[in-house]
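**Q** Listed below, chain by chain, are the residues.
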Amino acid sequence: MSNLPLLDAISMATFAARGFLRLDGVVSDEINAQFLAEAGTPPEVVPGRKLMRTYGEMLAASDIPEVAAGVPLAQAYPPGSAAARLLDLPAVAGAIRSLVGPDPRFDHHFLHVTFPSAYHEAAGGENVSQHTHQDSTIDPRRAFDLQIMYYPHAVTRDMGGTRFVPGTHLRKVSEVAIGRYQNIRGQQHMVCEAGTLLFLHSGIWHGGGVNLSDRTRTMFKIRMNPTRTQVRQFDLSTLASPAVQRPIFLTKGPQPRSVEQILMTPEPWFEQDTGRLEFVNRVRLWRYLTGDDSYDADYWLTRLENLATA
Amino acid sequence: MPRQKVLVLYLANSALDAPVIAWSVYDGTGATRPMAGDADEPPYRTGVDALKDGWRLFQAAQLLPHGKGAEFDVSYLKYEFWFEQIVETGP
Chain L
39 MSNLPLLDAI SMATFAARGF LRLDGVVSDE INAQFLAEAG TPPEVVPGRK LMRTYGEMLA
99 ASDIPEVAAG VPLAQAYPPG SAAARLLDLP AVAGAIRSLV GPDPRFDHHF LHVTFPSAYH
159 EAAGGENVSQ HTHQDSTIDP RRAFDLQIMY YPHAVTRDMG GTRFVPGTHL RKVSEVAIGR
219 YQNIRGQQHM VCEAGTLLFL HSGIWHGGGV NLSDRTRTMF KIRMNPTRTQ VRQFDLSTLA
279 SPAVQRPIFL TKGPQPRSVE QILMTPEPWF EQDTGRLEFV NRVRLWRYLT GDDSYDADYW
339 LTRLENLATA
Chain W
2 MPRQKVLVLY LANSALDAPV IAWSVYDGTG ATRPMAGDAD EPPYRTGVDA LKDGWRLFQA
62 AQLLPHGKGA EFDVSYLKYE FWFEQIVETG P
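Chains L and W, in that order, are what the protein sequence lines are. Heads up, the first sequence is in the working numbering, so the first residue is 39 and it goes up one at a time. Heads up, the second sequence is in the working numbering, so the first residue is 2 and it goes up one at a time.
Bound conformation, chain L alone:
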């Protein structure tokens, strides 16, 4: 058993249901300042200079290293670098262990810099938000990758922030094929204090918000893959056992907070029929994370798996 502060069953169920976990202000000001120094200062606005050139120069000048895909995450960053220190924080390491298991593999990272209007105007471009998308490509797995979004400085609403839609992570779509969807009920915008981390299931729908402030917004993303197992990696001592079925449909008041209550809570954007499929898929994900193929919540899979052949 790991000595790290692992996620409890409620936090894990929340991640399974909604596809995200926020750790607000978990990174110290000192690491934040170190990271911003390593990332480098955005170049000055130069009339006529294309934004991609500005961006490319900033990436080339930064102290954030190029890292080959597939190396052990533990070897991805030089000891003492801001990224290495961040990943070593007990709360961060415990959450990573809970979600992707031991010895995760580095997939890729990227420094997302969202420039204010002056840069776009100088380049002759348009300052707009990023289309909503799911990262990578169609991913039919039950297993998932973890993406950590790191906000090294405070993000205000007018700076845009990462827009994401809780609960979309189990939808199988093809990257920016969902760009048509401008706004979805329940979408969230990352407004946060410096040093905040957003852990995302790799399937979550998201996009960068338009930066309407007068300062550059910086976010650093690290994607990692499980290499061994994601099964039963969280704090199992907090898992109620055995799980019991709750009364369904005819209930006489709010149900107590539990894994089942979390897995069966709809998002504002759920369609009325496919919202039930979301519940089915959440139960399947919980079975995967707990290694318990008999688990069910609110009878959805028990009903479907009854083939009446006994």
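Please keep in mind that the hints were generated in silico from the structure rather than gathered at the bench. Don't be surprised by glycine CBs; every beta carbon is placed ideally from N, CA and C. Honestly, I wouldn't trust all of these hints.
Claimed, not checked - Among chain L residues calculated to face chain W with C-beta under 7 angstroms, some are:
1) Tyr219
2) Glu309
3) Thr312
Got chain L; can you put chain W on it based on the hints?
**A** Relative to chain L, chain W alone:
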């Protein structure tokens, strides 16, 4: 010159009077620049409310059978309704 404004509503089921769960706007007049993430509340409560406000429905998503073995897969939003307004923008 007439220009087209387009409203796309995604509803909670296939009925046009079902609640809006997602939406997009495209403005061919150039007067506004709608974009992803620009509003957290829908412009109408239901599709019928958009009709009442003068939007003309010109396309609705089909209801398609579920593929065998993929009955529980979830993917794109299912109940998509396209509306338009024709706006005069001057000579």
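**Q** For each hint, tell me whether it holds in the structure or not.
**A** Structure-based check of all given hints:
no., hint, result
1, Tyr219, "holds, 5 angstroms"
2, Glu309, "holds, 5 angstroms"
3, Thr312, "holds, 5 angstroms"
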